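Number of protein chains: 2
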Amino acid sequence: MSTMMDSTNDAGLQSWVKSANEAGCDFPIQNLPYGRFQKGGSDEWRIGVAIGDRVLDLRAAGLIDHADMHRLMAQPREALRALRGGLSEGLREGSPHQMRWQAALLPQAEVNLGLPCEVGDYTDFYTSIHHATTVGKQFRPDNPLLPNYKWVPIGYHGRASSISASGQAFPRPLGQTKAADAEVPTFGPCRRLDYELELGIFIGRPNAAGSGIAITEAEDHVFGLALFNDWSARDIQAWEYQPLGPFLSKNFASTVSPWVVTLEALAPFRQAWQRPAGDPAPLAYLDSPANRAAGGFDITLEVWLQTSAMAEAGASGVRLMRANYGDAYWTAAQLVAHHTVNGCNLRAGDLLGTGTLSGPAPEQGGSLLELSQGGKRPIELPNGETRTWLEDGDTVILKGYCEREGFRRIGFGECRGTVLPALA
Amino acid sequence: MSTMMDSTNDAGLQSWVKSANEAGCDFPIQNLPYGRFQKGGSDEWRIGVAIGDRVLDLRAAGLIDHADMHRLMAQPREALRALRGGLSEGLREGSPHQMRWQAALLPQAEVNLGLPCEVGDYTDFYTSIHHATTVGKQFRPDNPLLPNYKWVPIGYHGRASSISASGQAFPRPLGQTKAADAEVPTFGPCRRLDYELELGIFIGRPNAAGSGIAITEAEDHVFGLALFNDWSARDIQAWEYQPLGPFLSKNFASTVSPWVVTLEALAPFRQAWQRPAGDPAPLAYLDSPANRAAGGFDITLEVWLQTSAMAEAGASGVRLMRANYGDAYWTAAQLVAHHTVNGCNLRAGDLLGTGTLSGPAPEQGGSLLELSQGGKRPIELPNGETRTWLEDGDTVILKGYCEREGFRRIGFGECRGTVLPALA
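Residue numbers (the numbering used here), protein chains in the order written: chain U, 1 to 424; chain F, 1001 to 1424.
Isolated chain U, as found in the complex (with noise of 0.2 Å):
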C-alpha cells in the first residue's frame, strides 16, 4: 500500500507556478495530476501534469521521451515515485529548471483536455452499499440487497468505446422501455436519463494472463483516480437488465475528467476500511492488515446541475448533493483483488469504475434515481425548476477533493456531461 507520505506531500511546499499556490487550488505542487491533451490546431495527444492553472508538457519538460500514457501508467511504482519526486523539485520555488521548464508550461484553458488514456477494457463495481440497497429497493423492492453483495465486490464489464473525456455532448438514448402497466414495449427516447457519481480507477502495470494480483500488492496496479459519470438510462434499464445485467442502458455515453490523481498524492488522505458491526469479514484473498489499516480514502465528491437556464442566466449551477468516498463498502485494493483472482487480465489504461458512491443519508443519493425517489419526489432547485430526471440542455458537473488539517487541500477538476435532445 501506498500510505507512506514523503516530502512532496508537505503542505509547505510552494511552486514557481504562482496559481497552484492559491488558496483552493485544485492542483497545488501536492497533487501532480497526470493527463492528455491536444495544442491548439494540432491532433497530436501529449502527456501532461497539471500545476495550478497550467499544464507541463512532460516530454518538452525533458521528463519523458514519449507520449504514450499506456507505457507512462505501467511503470513500477517506484519510476512513477522517481518522476514525482523529480516534478516536485523541478516545480518548486527556487527550482534551477524553472527557467527551461516555463517553455513546456501551456494555460490549460488553452488546450484541449483530452481521455486520460485511450480506455481498454471498463468495468464498473457496486461498492456503495447504500447505493445498493436504495436502488435495489426500486427494481426488487422485497429482496433490495442481494445475499452476495457482503461476499462478493459486485462488477460487471462496460463499453469503452463511448467513454469520452469531460466536455462530452451526447444525444438523449432511444430504446425499448415497458411500463409496468403495459402489455408490450415501445420505442423512444429515454424518459428517466440520470447521472451516476463514481470514481474511476485507473489500472497501471499489468498481470499476465492466469495469475491474480494478490491484495498486499493490488495498489501496485493502481496508476491513480479520477471522476467518472456513468450516464443511465433508468426506464431502459428496467426492462432490459434480467438476467444479463445493464447494456443500451449505460453503453451510450460515459464521462471521464482529464486528470488522473496518483495514490501518491492521496497519501495524507488514507484511511481505515472498516464494516458495520455484525457484516462478515472478508474472505482471505479480499482482506490484508494493510487494508483494513488503510484501504480507504477520504475525497470528498459532489454533484453540480447547471440547467440551460442557469447558462442562460449566466449561473455556473447548484450542487445537488455531497457524499465520501470514504463510506465505499469495498475497497480500490479488494477491487483489483477480486477482479484478478480468476486470472483474468488487467491491462495498462482499464478503467474500473467504484459504482455510484452514495452516502448513507437519504440526501447523499448519487443518481436522481435516489435523489427523487425513483422518480416519485421532484427535487426543487433554487431557480424555481424542478427536476426528477435528466431534462435536454441540462449540464452535470462531478467534482471531488481532499482536505485536511494540515495538508493541502488535493483536486480532482472536473467531469462535465451535457444532455442533448434525441435524435429524430
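Worth flagging that the hints you see were computed from the coordinates, not collected in a lab.
Predicted model, so just to flag it, every value in this text is computed and none were measured.
For every residue, glycine included, the Cβ atom is placed at its ideal position computed from N, Cα and C.
There could be a bad hint or two in this list.
[What the hints assert, rightly or not] List time: in silico SDA-like cross-link candidates among lysine to any residue, alpha-carbon distance up to 25 Å: (1) LYS178(U) with ASP1287(F); (2) LYS1018(F) with GLU1078(F); (3) LYS1178(F) with ARG191(U); (4) LYS178(U) with LEU1145(F); (5) LYS137(U) with TYR1149(F); (6) LYS178(U) with GLY1210(F); (7) LYS1018(F) with PRO1076(F); (8) LYS178(U) with GLY1094(F).
[To be verified] Some chain F residues flagged as far from chain U (calculated, every beta-carbon gap over 10 Å): (9) GLY1012; (10) LYS1018; (11) GLY1024; (12) ALA1067; (13) MET1099; (14) GLU1240.
Based on these hints, arrange chain F on the given structure of chain U.
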C-alpha cells in the same frame, strides 16, 4: 443485405493451390477468410487469407500496403468486395498472378495463427431461445424465459483482454462459490467449468457515437463471422450474477478461431428468418423485409471434446453435439441495429458473440450445463470416460461449416482451447 451471390461463389471455380480443390476442404477458393499470422520466429503480425492448407500474405502479394487489420476491416463493403474479387481472380487456375503470388504463400502449419484482430469491445448476446429457456430453468425454475426475451436482443458486455486465439490454454479459474445449503461462500477452484458454443461477429465499418445503424444498413458494418468459445464457470456464475450479470465466471478466457469468414462467402447459405407462430413481431427498428427474407445463415456447428486420455491414445476427440445457427432467435443484423440504436458506437474489430447456439433438441445443447442437465446427468464418452463438467487436460474444439447442394463447402476451421490445472 449481402444476399447477392456473384461469380466468386461459383462451385466450378478451381484454384491453382491444389489443396483448396479437395472435397471437404474448409478453405476452397469460394471461402477466402481473413486472419493474422506470424512467420516462424517473427513478432510481426501479417494479414493473410486461407486457401486450402496455405495462407496468402496479402501485403507480400501486393494486394494491400499495410498490415493493419482494423484498417482493412473498416473498409466499405464495396472495397472489400473488390478485394475479394481480386483474390478470387488471382487464385484461380490459370491466373497470371500465380508465379508472383506463389512466393507470398505459406503452409498454415508453419505459421502462428493469431487473433484475427485486437478486440476493442466485446459484447455477448443471448440469441438462442433454446439455450435461454434451458438455462433459465436451472437458474430460475419458476421463471425460465423472462418477459423481455422475445422483444429485446438480450446482450451484455464482456471482457476483451482475456480473448485469445485458438490454441489458448488457461488455468482453471479460482473464485467464490456457495452451495445451495451452505451458510457462507467458500473460495477455491471452479468445479463446474464449461464451454459455450458461439459464433463471433466481427464489426468492420464503425459508426459515429450518437448515431445508430439502421437494420437495413447493419450488415454493411459486419466484417465476418468466426467460431467463439465463451468458457464459463457455472458455480461462480450462480453466486455472482445477480443483479448485474456474469463477471468473473466469464472473463478468465474466451477463444476465437483464426479465420473470419465474410458475408460474401456465406451468401449461398442465407435463409429466411422467422419466428414460431404466435410470437410477437419485432419492433420496427429490428425489422426489415430483407432481414425476414434472408437474415439467417445455415451454418452447422459442432462441439468436440478431446480428453487427455484420448490425446494420449492418439485419438482426435469425440463429437458432443451438433446445432445450426439458423435456429437463433435474432439475426446478426438485428444485433447490430439493437446495439447501436441508443447511439453506442461500434468500432472496427469489435466482437459480438451470438451467445450459446443451442438447437431445439436436448442433445443440441451448446454447453455442458445443458447436455448434463445442470450436472445431474453425466455424459458417457465412447472410451468409457464420463463428463459432467470439464476436467483438467480437456481440449474443447468448435467446428463450423456450410454445405448446400450445388455449392462448395465453406468451413470455419477450428476453435480449440485447453483447460490447465488451477494455480495453487
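Q | Reported absence of LYS1018(F) from the contact zone with chain U (all CB gaps over 10 Å) | A | holds, 39 Å
So GLY1012(F) supposedly isn't at the interface. Is its beta-carbon more than 10 Å from every beta-carbon in chain U? The assertion about GLY1012(F) holds, with a minimum of 43 Å to chain U.
task = For the pair supplied as a hint, LYS1018(F) and PRO1076(F), confirm whether the alpha-carbon distance does not exceed 25 Å.
result = Violated, at about 31 Å.
- Query: Between LYS178(U) and GLY1094(F), is the straight-line Cα distance small enough, at 25 Å or below?
  - Reply: Judged against 25 Å, a Cα distance of about 61 Å means the pair is violated.
- prompt: Hey, LYS178(U) versus ASP1287(F), does the alpha-carbon distance stay inside 25 Å?
  reply: It holds: about 19 Å lies between the C-alpha atoms, which stays within 25 Å.
CA of LYS1178(F) to CA of ARG191(U), is that 25 Å or under? Violated: LYS1178(F) and ARG191(U) sit about 39 Å apart, past 25 Å.
**Request:** Please settle this one: GLY1024(F) was flagged as non-interface, so is its CB more than 10 Å from every CB on chain U?
**Result:** Since the minimum Cβ distance to chain U is about 35 Å, GLY1024(F) lies beyond 10 Å and the statement holds.
| field | Pair hint outcome, LYS1018(F) versus GLU1078(F) [Cα-Cα no greater than 25 Å] | value | violated, 29 Å
Note to self: Check whether the Cα positions of LYS137(U) and TYR1149(F) lie no farther apart than 25 Å.
What the structure shows: This hinted pair holds, its Cα atoms lying about 24 Å apart.
Beyond 10 Å from every Cβ of chain U: is that where the Cβ of GLU1240(F) lies? Violated, since 5 Å does not exceed 10 Å.
Hinted pair LYS178(U) and LEU1145(F), Cα distance within 25 Å:
Holds. LYS178(U) to LEU1145(F) sits at ~17 Å (cutoff 25 Å).
Original post:
Keeping to a limit of 25 Å between CA atoms, is the pair of LYS178(U) and GLY1210(F) held or broken?
Top reply: OK: LYS178(U) and GLY1210(F) at ~23 Å, within 25 Å.
Violated hints, listed in ascending order, are 2, 3, 7, 8, 14; each of the other numbered hints is respected by the structure.
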